[in-house]
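A.B. asks: Residues per chain, in single letters:
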Amino acid sequence: MRVLLIEDDEQLAGYLQKALREVGTVVDHAGDGREGLLMAVGADYDVMIIDRMLPSLDGLSILRTLRASGNRTPVLILSALGEVDDRVAGLRAGGDDYLAKPFAFAELHARLEALLRRGSTDSPQTRLRVSDLEMDLLARTVVRSGKGISLQPREFRLLEYLMRHAGQVVTRTMLLESVWDYRFDPQTNVIDVHISRLRAKIDRGFDPPLLHTVRGAGYILRDNQ
Amino acid sequence: MTTSRLLRSFTFRLALLYMLLSLGSVVVLLGYIYWATAGYMDRQVDSTIEAEIRGLAEQYQSRGLVGLSDIISERVSHDPKGASVYLLADASFAPIVGNLSDWPRAPVSASGWMRFELRDWGRDRSEEHEARARTFRLRGDLHLLVGRDVRDLQATHRLILDALTWGLAITAALALGVGLLMSSRVMHRIEAINLTSREIMEGDLSRRVPRDGSGDDFDRLAENLNRMLERIEKLMAAVRQVSDNIAHDLRTPLTRLSTRLEQARNSNPQQTPDEISRAIDQAIEDAQELLGTFNALLRIARIESRSSQGDFTDLDLACLAQDIAELYEPVAAEKDQELSVEGQDPVPVRGDRDLLFQALANLVDNAIKYAPPGCRITIGTAGRDAGAEVSVADTGPGIPADLREKVFQRFYRTDASRSTPGSGLGLSLVRAVADMHEARILLADNAPGLRATIVFPKRGLEPD
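Chains C and Z are the protein sequences, given in the same order. If you read the first sequence in the working numbering, its first letter stands for residue 1, the second for the next number, and so on. If you read the second sequence in the working numbering, its first letter stands for residue 226, the second for the next number, and so on.
Extracted from the complex, chain C is given alone in its bound form (with noise of 0.2 angstroms):
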């Protein structure tokens, strides 16, 4: 994976080019506006990280050019602004995903997963599979190892969406914007218990066990580990 960070905050910046780097991704890093795009614009990027706030050029430009010129490379927009209709302005522009500061390394991985991703797949599916469950898209069943599991509609578009993140971290931000549509902080983690309820359904009584939890993160639907 090749990922281009636009950021000029050197701090921030070292720091994710390091993180980035020991999950396996090739990592370039622009620190103000023009050279960004420059680079942008110079080499083939799987992914891209761009700061709104940035010297010379602001995020929100780089990322219109980039739209405008045809470049469709997915974009994660950075901000410190975190509010609604900031969000709405970044995605408007054309960005792919939006993350505030200050966030957890993990969520923005994460996301960069998912929009990686996103790019690939893009083809409707009506048949998940992850090892032996199934999930038919159309007849709305799900069947692990041959039995049928009932799931509540909620249930149904959580695991769905696991499912669709396979082998991915997926966090709980992301499954609240996603599964519940809602952008907001739960302050407790509701999540936890839908995912322990839907891994009662899932996973008792069979084996290996599919959905795990991974620590400050979130969590990864796979069959093995």
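Simulated restraints on C-beta separations:
hint : chain 1 : residue 1 : chain 2 : residue 2 : range
1    : C       : Arg34     : Z       : Glu630    : 48 to 56 angstroms
2    : C       : Arg34     : Z       : Ile505    : 36 to 44 angstroms
3    : C       : Glu35     : Z       : Asn419    : 53 to 61 angstroms
4    : Z       : Phe519    : C       : Ser56     : 23 to 31 angstroms
5    : Z       : Gln634    : C       : Leu116    : 43 to 51 angstroms
6    : C       : Ser56     : Z       : Pro646    : 40 to 48 angstroms
7    : Z       : Gly647    : C       : Ser56     : 39 to 47 angstroms
8    : Z       : Ile457    : C       : Asn71     : 42 to 50 angstroms
9    : Z       : Ser644    : C       : Asp58     : 41 to 49 angstroms
10   : Z       : Leu460    : C       : Lys101    : 18 to 26 angstroms
11   : C       : Lys101    : Z       : Lys560    : 32 to 40 angstroms
12   : C       : Leu137    : Z       : Leu486    : 44 to 52 angstroms
Pulled from the structure, derived: some chain Z residues nowhere near chain C, Cβ distances all over 10 angstroms:
hint : residue
13   : Ser250
14   : Leu406
15   : Arg445
16   : Gly612
17   : Asp640
18   : Ser644
Residues of chain C placed beyond 12 angstroms of chain Z at every Cβ, according to the derived structure:
hint : residue
19   : Met1
20   : Gln17
21   : Glu35
22   : Val143
Since the hints were made in silico from the structure, they are not lab data. We put the beta carbon where it would ideally sit given N, CA and C, even for glycine.
Fit chain Z to the supplied structure of chain C, relying on the hints for placement.
C.D. replies: What follows is chain Z alone, placed relative to chain C:
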């Protein structure tokens, strides 16, 4: 209000200008009246004299000197008051017949008109009065003079002039008086606004511009100014509170974090790597918590200072309540609490969907956190006449009546709640969200427990 300030004031100048304008128009009007009355009378007299002298000239032509003398004598005898003046004189201006003793020595205009003093004639000889006459030269070098005593006419002139002058004086006095009164009234009200602004500039933000409730321009100006001041005061208070909060309430956890890290560094060599990493984990947790508190504070401040309702959408409170219940039901079930929703009918409101969801989530979260196991939590919605409302009621310990206002303060925690994790910002955020929606948040006794209700303002009639 000093005189020089009065003279400099815009309203006074305006009043003065209006006064001059009205005086000007009154002068024009009175001038016309004078011309139409006194002037008309003058012209009447002139044309009568003109007609008479032409008549006499014709008589002279047809009947000769004797005939003319007869007519003049007759007219004189018919006019004992002497209102008319006649004189026929020969070539050397010696009188032949008429009621004047001499040919008057006064300049004659090109058209034959003259004015002279009547002295030796009339009943009242002591008095001099003016006569206006026309002279005519007859064939045979005779001079004819016909005139009128204009004493009465002049008296009338004076009368009219006097009346007009008084009228003008009264108008001027009235205009000046009303102008002064008006400008001092207007200045008084502007001065009230100035006074308030000065007091505010000196630091008293609670001052308000006095209103008289009349709903006129000044009253509306005062109302708008007051609204603006209220908003400014609120924003200032919010800014001050955030800085106060940072000073008071964030120092403690920061100190704790720093102490924890210092202890980890200065630990004795026997400490296992496990223990050190646990200390670091704890420090990270502290830092995360601090960040969370910061975010919550900033969020509240931002919501409070946000005025635009631009991104409000039409939404259904009942639907929001269902979603909240569905999200929190498993959490409640884990604590053996029963979470249910009352009211299925749609309750339309206009608002920010995510923020309202956050507010409801905070209320439900509080209910689950503070009510003991076995309690019932009910989310209710209703579209009452007074406006839409949504409530979260529990059967837990509730909040004592005297603390129900305090719990909305930032970082305030009741003694009973201190053992439970929490930032003390949840209800502050609920209030900020409610304020932003112009809604009221009410805490009441649920007997037993607490009932928190958000009451939305009644929606105005909308075209759609």
